[in-house]
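Chemist: Protein chains in written order, with my numbering: chain Y, 1 to 510; chain F, 1 to 510.
There's no promise every hint is true.
Intra- or inter-copy, both count: the list cannot distinguish identical chains.
[Said to hold, decoys possible] 25 Å max Cα-Cα, derived DSS-like pairs, lysine-lysine: (1) K192 with K377; (2) K119 with K91; (3) K393 with K504; (4) K183 with K193; (5) K119 with K443; (6) K68 with K148.
Because the hints were derived from the structure by calculation, they are not lab data.
Everything numeric in this text was worked out from a predicted model, so none of it was measured.
Here is how the chains run, residue by residue.
Protein chains: 2
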Amino acid sequence: MANSVKPLSLSVAFSQQHYHNHQQIPSMASTNHILTLENLNPDVITMEYAVRGPLVIRAMDIEKELDKGIKKSFSNVIKANIGDAHAMGQKPISFIRQVLACVNDPSLINSANYPSDVKQRAELLLSGCAGHSIGSYSHSSGIEIIRKHVAEYITRRDGGIPSDPQHILLSTGASEGIRNILKLFIDKDSRKKKKGVMIPIPQYPLYSATIAEFGLGMVGYYLDESNNWALNIDELEQAYKKSLDEFNTQVLCVINPGNPTGQVLSRDNVEEIIKFAYKKKLFLLADEVYQDNIYEENLKFHSFKSVMKSMGKPFSQMELCSFHSCSKGYMGECGLRGGYVELVNIDSDVFTNLQKMISAKLCSTVLGQCAIDCVVKPPQPGEPSYDRWLEEKTTILNSLKDRARAVCEAFDSMDGIECNPVQGAMYAFPRIEMPQKAIDKAKSLNQEADFFYAMQLLESNGICVVPGSGFGQKPGTYHFRITILPQGNVLRDVLERFKKFHNKFMKEYS
Amino acid sequence: MANSVKPLSLSVAFSQQHYHNHQQIPSMASTNHILTLENLNPDVITMEYAVRGPLVIRAMDIEKELDKGIKKSFSNVIKANIGDAHAMGQKPISFIRQVLACVNDPSLINSANYPSDVKQRAELLLSGCAGHSIGSYSHSSGIEIIRKHVAEYITRRDGGIPSDPQHILLSTGASEGIRNILKLFIDKDSRKKKKGVMIPIPQYPLYSATIAEFGLGMVGYYLDESNNWALNIDELEQAYKKSLDEFNTQVLCVINPGNPTGQVLSRDNVEEIIKFAYKKKLFLLADEVYQDNIYEENLKFHSFKSVMKSMGKPFSQMELCSFHSCSKGYMGECGLRGGYVELVNIDSDVFTNLQKMISAKLCSTVLGQCAIDCVVKPPQPGEPSYDRWLEEKTTILNSLKDRARAVCEAFDSMDGIECNPVQGAMYAFPRIEMPQKAIDKAKSLNQEADFFYAMQLLESNGICVVPGSGFGQKPGTYHFRITILPQGNVLRDVLERFKKFHNKFMKEYS
């Protein structure tokens, strides 16, 4: 397999063992099981998802130990492993939650407590629901009026380039949308080469997990750490070429802004990538869920669609799927599971089959769909909720910007750590100059060195991060992903505990 | 492939063509597509889901034609194709919606308008959410306190047989749970026989669709229509035996109460099925989403788990997954997408891998999880919401009972239609004595005769039902599924329009 598969598969082996040690599954009847590891779907065994892997399971155990009164040198676990803003104390956007309260209990629409635009939105959404209830199934693609609002949002965002509501599918978070599209590429014919899917390394492990689960071929292309995680076309070219020995490479995934790497692609870079995809006949997947999370003054989000369309033929006719979500941005509504995919230039037979495929799942959560509606069509100037909405949004985005800088500076100031600027998204991905003694120690425990480091950090200081091996990294380099989401005193606490741990670790293993 | 696959695949062919004719997809760029029917995942092409198939697409088109003022002999389309209670005017249960409103906008917890038990429940659920917000991700298995409530519910329901919250996984509707479990059985090794999954015929097409999508082997066993759709062990035996030529049959799915057939299994019958599964080493899947929907006085729901556990060893040690949902019952909250699966006696390595697999999807919708909480732990006598809750629930269930009888009697009274009693669930599945001339006419249109019948019904009278071929049926028999959910005047209108159509159809083709 191409690039960086080794660290990912090593972490699998560990995880299997670790889940066992820590899940405390009550012993089940030890009869002769019909379904066992021997005949379980082998792709399920292979797949791995580090963001919720063994470190998080151990973090939850430690929390329970603390609850039971077991003494530690820290009083709480801080889970900086996942981009989960509300879990870190971020407050919901009032407009979204008021609309959701009203569609749940329409008697609130008559109450004096909510602004009129909230009530109007709730009415509009209910009018899109069969029987005027969010308890009815929607069309599998999502409620029509919401898809229309999504298309209007995209059109505005892309400076007037039209978007068609019929090519928007609402999904249970962006994850489901991404999985639905990747599923189209499955081919189990063992006489043929597997279809290869190009993903960045480091990558968000939904991709490696889904590629493994679906039995597709993973083709990693390295981002250039020395150049602030830039996406280098020569590297794309090389990874693609190398992949062809093993795979029929057909898909190119780009995450922009980057997760876990936080870089924001320039317009020129997006254009180069599109040209490369055209040349190699690659189907483009643009993971653009962090499109609202850009912190550096001089940087701007350029959607793949807008660049592709503005390049004219033949590029404007290329196949592209772009994903968005209500889980990130300024709203951070992860638990609502709202998302969408826009399909551009997809073959109409393929589209028909995709619609048929998702129809068996009936529909995505209607409340998640309503949340997406509020995200793509927020209050406008002059409307009663506008000022409050703008203030909440601006406060959150400004605070994220401050935290992006603070986290990066704090890590960069530590000896033996280097951290690229967090231009966007919600994570820092610092590099550790791992001492050889720590590498050897980890090896003796059958662990990756960065896993060992992260586990020590968790056990001794209660900070949960995700080791770089869960995302992929150049062999011999070691990283971790940490969210920039802890707030105020908690963030200061995280960085202090981290510094204390790191200095001790480096001293111990130098 | 075993049994009844022919009608299912025939309807695929039609559907491909039909989706095309009626989706009115704006023409997309006719460039050289990378992903086309030629290289699309072949299992996606094969799969079919009749409940949302071509008839429903045509129904939506007709609705749009009516909106545009195109004259028809009817003024509205009635979609009796899907078990979607709220779409048919059923009102939500106040307790559920008030709790959901409060967790969305916690300021409502301080309002005077909601009963104290609603507020306490909302507080309890929020205390189970990270950061006290339903906008944070939950554990992939679901919020711990809700899984505990589910286990308590199951224990109560099953007369004290214990249920373990650690073996409950919350899911996005029951559909996702069923798909997650079936996914474990995928095996792409083309040197081995496919794993066979036994499903009833007629069946709920989620099963045939998922089995096709996952490349598993579909093994249909016929329910005995002449004996009120009973599940006959000889037929199970025969279907199993026949399947072994082609498949390694390993899973037995039972839907109880039946969908689309409405039968309720007796305790003895459940016991026989368990013994059969034990003998053949079959992993049991019990689709029990209609456990609250039983209408005949002398019938009772017997969960597979309670029967299995009460049978003692070795049966009590068998592997079983049981599914439930908030979409059916008296609450009918389809759009909220809440569901759960209880895993009984599953191999612990398999369980570990299942947990890992679902972790990549992050979590099911937290609001759907909250809805499940309200369903498994409704208000208790003495609590402020109890009386209202009981009244709403009883009214709905009594009304469903009346409608089950009314629908069945109406069809049974029509010449050329026979209808078994609707003992449970939400559907009637009447049989049409199809005139030969109608069969010939359908054949000339390359359609199944029941599809032809249902399409005529829709076009001429605006009633949307699902043809029996979408569920499977004995060759040479013709059925349709119609929900019992239309209410009051609408139900009378449906039955009148139906009778008018049917008599005309029979006259025309006799």
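Chemist: All the hints need checking, so say for each whether the structure fits it.
Modeler: Checked hints:
Taking identical chains as interchangeable, the C-alpha atoms of K192 and K377 are never at most 25 Å apart, the minima being 46 Å within one chain and 52 Å between chains. When the C-alpha separation of K119 and K91 is checked against a cutoff of 25 Å, the pair qualifies both within a copy, at 21 Å, and between copies, at 20 Å. In this assembly of identical chains, K393 and K504 lie within 25 Å of each other by CA distance neither inside one copy nor across copies; the values are 39 Å within and 62 Å between. In this assembly of identical chains, the alpha carbons of K183 and K193 lie at most 25 Å apart whether taken from the same copy (16 Å) or from different copies (23 Å).
Taking the closest pair of Cα atoms, K119 and K443 never come within 25 Å of each other, the shortest separation being 60 Å inside a single copy and 53 Å across copies. With identical chains, the CA atoms of K68 and K148 are at most 25 Å apart between copies only, with a shortest distance of 19 Å across copies and 51 Å within one.
Checked against the numbered hints given earlier, the structure breaks hints 1, 3, 5 and satisfies all the rest.
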